[in-house]
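**Q** Let chain A serve as the given structure and place chain B on it in line with the hints.
Here's the letter readout for the chains.
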Amino acid sequence: MSGADQDWEEQSPERLYVITGGRSGASGHTTSLDLVTLIVSKAGPKPGMQPEQASIMRLCHSPLSVAELSAYMQLPISVVTVLLGDLLADGRVVARAPVPPAQLPDRALIEAVIHGLQKL
Amino acid sequence: MDFKSSETLVERPAQGPRSEDELPETAAAAVKVVIVGGFGVGKTTLVGSVSEIRPLTTEETMTQAGVGVDDIVGVERKTSTTVAMDFGRISLNDELVLYLFGTPGQQRFWFLWNGLFDGALGAVVLIDTRRLEVSFDVIGRLEERGVPFVVAINSFPDAPVHAVEEIRGALDLPAEVPIIDCDARLRTSSRDVLMTLMRYLHSLAGA
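Protein chains in written order, with my numbering: chain A, 1 to 120; chain B, 1001 to 1207.
Hints should not be assumed to be uniformly reliable.
[Said to hold, decoys possible] Listed next, with one range per pair, are the computed distances between beta-carbon atoms:
hint, chain 1, residue 1, chain 2, residue 2, range
1, A, Ser32, B, Leu1132, 37 to 43 Å
2, B, Arg1199, A, Ala54, 28 to 34 Å
3, B, Ala1163, A, Gly21, 55 to 61 Å
4, B, Arg1199, A, His61, 33 to 39 Å
5, A, Gly48, B, Pro1024, 27 to 33 Å
6, A, Gly48, B, Ala1159, 53 to 59 Å
Hints in this document: simulated from the structure, not taken from any laboratory.
Beta carbons: idealized from backbone N, C-alpha and C, even for Gly.
Only chain A is shown next, with the shape it has when bound in the complex (with noise of 0.2 Å):
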């Protein structure tokens, strides 16, 4: 964390929205991100990226859902689609999309889920 991260009220809306630049996650890319979307950075983060920019790419340097990012970042779900749906129109990050709903319930994939689990 940077220095000048202490002046903000943590959370605080304001901050929020100069994160995003102003924007709230309804366009483009972000639409199509799930929170077990998983998300993998293609390079390291380059100079003079947006901080919260640079740590995605830092952060999916292997296989990152949205839901752990946004964890680990302590920001919103919304406000990190903002971010991904930027690094993902850029070509930075890929996104391994989840398995989509129109194939549920598919036995071969509870199948797998059962396997999986029956290893615990």
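**A** Chain B only, in chain A's frame:
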């Protein structure tokens, strides 16, 4: 034994995942299951007992959606409220990951449900027999949305013991919906709850 509320159980790490918590590069897709129940019923305990990572918390800001149904007195002028959701993760194999989300059952939190239940495999309704009321609305809402679910009774030491069929009657549940007893503190018991849900889903898929 004290079933603490989710607020006190979860730490919020400032850093990313520990290296042993990182998913393998082969992780290709994720599925989710939602654990729904009232405050203090043990959602986070259940998630934590089967999760391979310490439960994490994600937050969402409730704005207009909560107005009119939020029964907290004196917040009328407040335009946003932060609601926390705890979740955990189980790597099922090299490619498939299961996420478990705990969400409050009270009606004023239903706005959280849209993103949460879209694409969810199903739900576990976790109940405390001392406070069945919360469960009525939740079950009705799940049925409305067409989300398949099982009911798990978290066994609290001082809770009255009800026969499963008694609970079924009280909740007006169809005969095919599984109801099981569990101890959310135990990994094996929580896993069995998930297995019950999966077998139920399997039976639905085969129909």
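**Q** If a hint holds in the structure, say so; if it doesn't, say that too.
**A** Against the structure, the hints:
Roughly 38 Å separates the CB atoms of Ser32 (chain A) and Leu1132 (chain B), a value that falls within the hinted 37 to 43 Å. Between Arg1199 (chain B) and Ala54 (chain A), the C-beta spacing of about 45 Å breaks the proposed range 28 to 34 Å. Between Ala1163 (chain B) and Gly21 (chain A) the beta carbons are some 57 Å apart, a value that agrees with the proposed interval 55 to 61 Å. Taken as a hint, the range 33 to 39 Å holds for the pair Arg1199 (chain B) and His61 (chain A), whose Cβ atoms sit roughly 37 Å apart.
Range check, Gly48 (chain A) to Pro1024 (chain B): about 31 Å between beta-carbon atoms, so the 27 to 33 Å window is met. Between Gly48 (chain A) and Ala1159 (chain B) the beta carbon distance is about 57 Å. The supplied range of 53 to 59 Å therefore holds.
This entry does not satisfy hint 2, going by the numbered hints stated previously; all others are met.
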